[in-house]
Amino acid sequence: MDCLEYISEYLAAHADNELSLVEQHAAETHLSGCAQCRGRLISERVLKRAILQQAGIAKAPAELRLRIRAALNDPAGVPATTPSNGGWRRLGRRSCDIPRRAPVEPAADRRQRRKRVWIPIGITSSVFVLLALLSGQVIRQSGAMDNRAVPAFDIAISKYLQFGREFHPNVPPEAYDSSNGVLYAWVMDRNSVQQVAEDDPESDDISRSYREADMPGDLFDFSAAGYHITGGRVDHLPDGRRVTYTMYQSDAGQILSLCFSDSEMAAPIGAVEWVGMRSFYAYKGYSICLTFYPTGHFISILVTRMPVYQLLSEVASNDVVAMNR
Amino acid sequence: MWVKETKPLGKRLLFEQVVLPHLDAIYSAALRLVRNRDDANDLVQETMLRSFRFFDQFAEGTNCRAWLLSILYNNFRDHYHRSGRERPCNSGEIELELEAHTLLADMSLNNPEELLEDRMLGRRIGRALNELPEEFRQALMLVDVQELNYQEVADVLGVPLGTVKSRVSRGRALIRASLIRSDCIRSKTGT
Numbered sequence: 001m002d003c004l005e006y007i008s009e010y011l012a013a014h015a016d017n018e019l020s021l022v023e024q025h026a027a028e029t030h031l032s033g034c035a036q037c038r039g040r041l042i043s044e045r046v047l048k049r050a051i052l053q054q055a056g057i058a059k060a061p062a063e064l065r066l067r068i069r070a071a072l073n074d075p076a077g078v079p080a081t082t083p084s085n086g087g088w089r090r091l092g093r094r095s096c097d098i099p100r101r102a103p104v105e106p107a108a109d110r111r112q113r114r115k116r117v118w119i120p121i122g123i124t125s126s127v128f129v130l131l132a133l134l135s136g137q138v139i140r141q142s143g144a145m146d147n148r149a150v151p152a153f154d155i156a157i158s159k160y161l162q163f164g165r166e167f168h169p170n171v172p173p174e175a176y177d178s179s180n181g182v183l184y185a186w187v188m189d190r191n192s193v194q195q196v197a198e199d200d201p202e203s204d205d206i207s208r209s210y211r212e213a214d215m216p217g218d219l220f221d222f223s224a225a226g227y228h229i230t231g232g233r234v235d236h237l238p239d240g241r242r243v244t245y246t247m248y249q250s251d252a253g254q255i256l257s258l259c260f261s262d263s264e265m266a267a268p269i270g271a272v273e274w275v276g277m278r279s280f281y282a283y284k285g286y287s288i289c290l291t292f293y294p295t296g297h298f299i300s301i302l303v304t305r306m307p308v309y310q311l312l313s314e315v316a317s318n319d320v321v322a323m324n325r
Numbered sequence: 001m002w003v004k005e006t007k008p009l010g011k012r013l014l015f016e017q018v019v020l021p022h023l024d025a026i027y028s029a030a031l032r033l034v035r036n037r038d039d040a041n042d043l044v045q046e047t048m049l050r051s052f053r054f055f056d057q058f059a060e061g062t063n064c065r066a067w068l069l070s071i072l073y074n075n076f077r078d079h080y081h082r083s084g085r086e087r088p089c090n091s092g093e094i095e096l097e098l099e100a101h102t103l104l105a106d107m108s109l110n111n112p113e114e115l116l117e118d119r120m121l122g123r124r125i126g127r128a129l130n131e132l133p134e135e136f137r138q139a140l141m142l143v144d145v146q147e148l149n150y151q152e153v154a155d156v157l158g159v160p161l162g163t164v165k166s167r168v169s170r171g172r173a174l175i176r177a178s179l180i181r182s183d184c185i186r187s188k189t190g191t
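If you read the sequences in order, they're chains A and B.
Oh and the first sequence: position 151 is 151 in our numbering, straight run, nothing missing.
Oh and the second sequence: position 191 is 191 in our numbering, straight run, nothing missing.
These are calculated hints, taken from the structure and not from any lab test.
Virtual Cβ for every residue (Gly too), placed ideally from N, Cα, C.
Worth double-checking, as some hints may not be accurate.
Claimed, not checked - Listed next, with one range per pair, are the computed distances between beta-carbon atoms: (1) A:T295 x B:G162: 53 to 61 Å; (2) A:A252 x B:G158: 40 to 48 Å; (3) A:L4 x B:E131: 49 to 57 Å; (4) B:I180 x A:Q162: 55 to 63 Å; (5) B:E60 x A:D2: 43 to 51 Å; (6) B:N74 x A:L4: 47 to 55 Å; (7) B:G10 x A:A35: 52 to 60 Å; (8) A:D2 x B:G162: 15 to 23 Å.
Said to hold, decoys possible - Cut-off 30 Å, straight-line C-alpha distance, at most; resulting in silico cross-link-like pairs (DSS-like, lysine-lysine): (9) B:K11 x A:K48; (10) A:K59 x A:K48; (11) A:K48 x A:K284; (12) B:K11 x A:K284.
Sequences are here, hints too, so could you generate the full structure?
What follows is the structure, encoded as structure tokens:
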């Protein structure tokens with residue numbers, strides 16, 4: 001074998017470990033007597049690694065992951081909601097719409113809106129799940145999250161534990177003052193928990209405060225399960241993003257709701273159940289409900305100690321109530 | 001209180017565990033095929049749906065990514081390649097997106113000059129890849145980026161094994177030539 005034959009017939013496959021035993025023997029015999037081809041093999045492997053490093057694996061957009069997960073719930077097909085582009089025809093069969101994220105509504109419109117609980121997409125599936133639960137069927141916890149770390153969930157659990165010991169709401173509106181950059185200094189002088197709890201309807205103030213902070217003003221209604229709103233708080237995550245915390249309390253325990261903007265987060269694999277835009281997880285001994293808002297790239301995380309199927313039931317009840325309002 | 005898992009729920013959970021970890025790789029492959037983000041999203045969604053419908057046909061223990069890429073390329077050939085239509089091409093934008101998400105293997109390159117050199121090399125390789133004939137680029141991406149073996153690439157592309165070997169060999173040779181040419185240009189122009 002000469003160098004030309006080695007380069008044209010063997011080099012690439014040698015670098016890819018794709019030579020047969022016979023070919024491998026022939027190639028190595030040539031290399032044992034040819035330093036230049038030994039260098040060429042090294043160079044080929046370096047180039048191969050460089051292509052892998054530099055060509056890149058792009059992260060799939062969060063919206064695409066959502067569409068796929070929604071489609072898995074309805075395998076008959078989901079329409080692409082991307083606009084027609086240069087006459088390209090759409091793929092496959094379509095049977096329902098999955099809304100894409102819409103622009104955030106103007107602040108003036110938000111202020112005029114009354115408080116309302118968010119009515120999720122796929123309410124029909126929420127009702128179905130509730131009925132299934134009431135008929136005695138529950139969801140098996142998959143345990144698929146045992147070995148996965150989800151930073152957003154870890155933050156939620158950390159705050160759940162922190163606020164479970166001591167929660168200092170900084171809303172209604174008079175508590176919120178961004179002019180001096182301090183959002184919560186005043187609360188140390190007031191029993192804000194009692195203050196908020198005595199307000200009727202206190203949730204209006206909390207909701208309005210959230211909206212004035214350019215955050216979603218939607219709240220859950222767990223009153224049917226005996227949970228009342230303890231209070232709300234506008235704060236910042238370690239990276240500076242604004243976050244709202246809403247604490248719900250009952251004799252049985254607490255549910256903490258976090259809401260913040262995240263355009264990159266995708267629903268982690270391992271959900272116990274999906275209902276519309278919500279996914280439910282059993283994570284490190286806690287139950288988590290992750291919800292993607294249809295506008296503004298917001299997500300909300302519910303974290304609690306109650307079993308995940310019970311959380312699913314409470315959230316589904318909330319969704320049914322919202323639908324009937 | 002536990003209940004028996006319904007079959008659809010079990011299938012979906014298994015599908016999520018086995019298939020969805022490959023979503024980024026499939027998306028990258030689609031992006032390079034159609035050169036357009038919206039079409040890539042559609043192509044990937046269709047691929048995932050089809051793979052879910054035929055998940056029972058996937059042989060446990062075989063290369064799931066290769067199986068998914070076969071479906072992807074079949075969809076691409078069926079819906080895009082044969083249409084013959086001019087499709088909107090955002091090559092520059094696509095390359096930036098891929099560069100932004102590149103998984104750098106060597107994070108110990110904390111020397112800014114080395115990082116810059118590495119990034120410049122990456123762009124040159126990216127340009128060289130874009131200049132390749134389509135069939136060579138597809139073969140190289142499947143072998144070097146998606147890390148399929150030659151037989152799997154042959155199955156995905158629907159060509160003989162010998163054709164894959166030839167395309168990979170010639171594709172790398174062309175990239176090497178392109179890098180050498182750009183080195184010559186840089187040394188002449190001082191850039």
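Here's how the hints hold up against the structure:
{"no.": "1", "hint": "A:T295 x B:G162: 53 to 61 Å", "in the structure": "holds (54 Å)"}
{"no.": "2", "hint": "A:A252 x B:G158: 40 to 48 Å", "in the structure": "violated (60 Å)"}
{"no.": "3", "hint": "A:L4 x B:E131: 49 to 57 Å", "in the structure": "violated (25 Å)"}
{"no.": "4", "hint": "B:I180 x A:Q162: 55 to 63 Å", "in the structure": "holds (59 Å)"}
{"no.": "5", "hint": "B:E60 x A:D2: 43 to 51 Å", "in the structure": "holds (46 Å)"}
{"no.": "6", "hint": "B:N74 x A:L4: 47 to 55 Å", "in the structure": "violated (37 Å)"}
{"no.": "7", "hint": "B:G10 x A:A35: 52 to 60 Å", "in the structure": "holds (58 Å)"}
{"no.": "8", "hint": "A:D2 x B:G162: 15 to 23 Å", "in the structure": "holds (21 Å)"}
{"no.": "9", "hint": "B:K11 x A:K48", "in the structure": "violated (37 Å)"}
{"no.": "10", "hint": "A:K59 x A:K48", "in the structure": "holds (21 Å)"}
{"no.": "11", "hint": "A:K48 x A:K284", "in the structure": "violated (40 Å)"}
{"no.": "12", "hint": "B:K11 x A:K284", "in the structure": "holds (24 Å)"}
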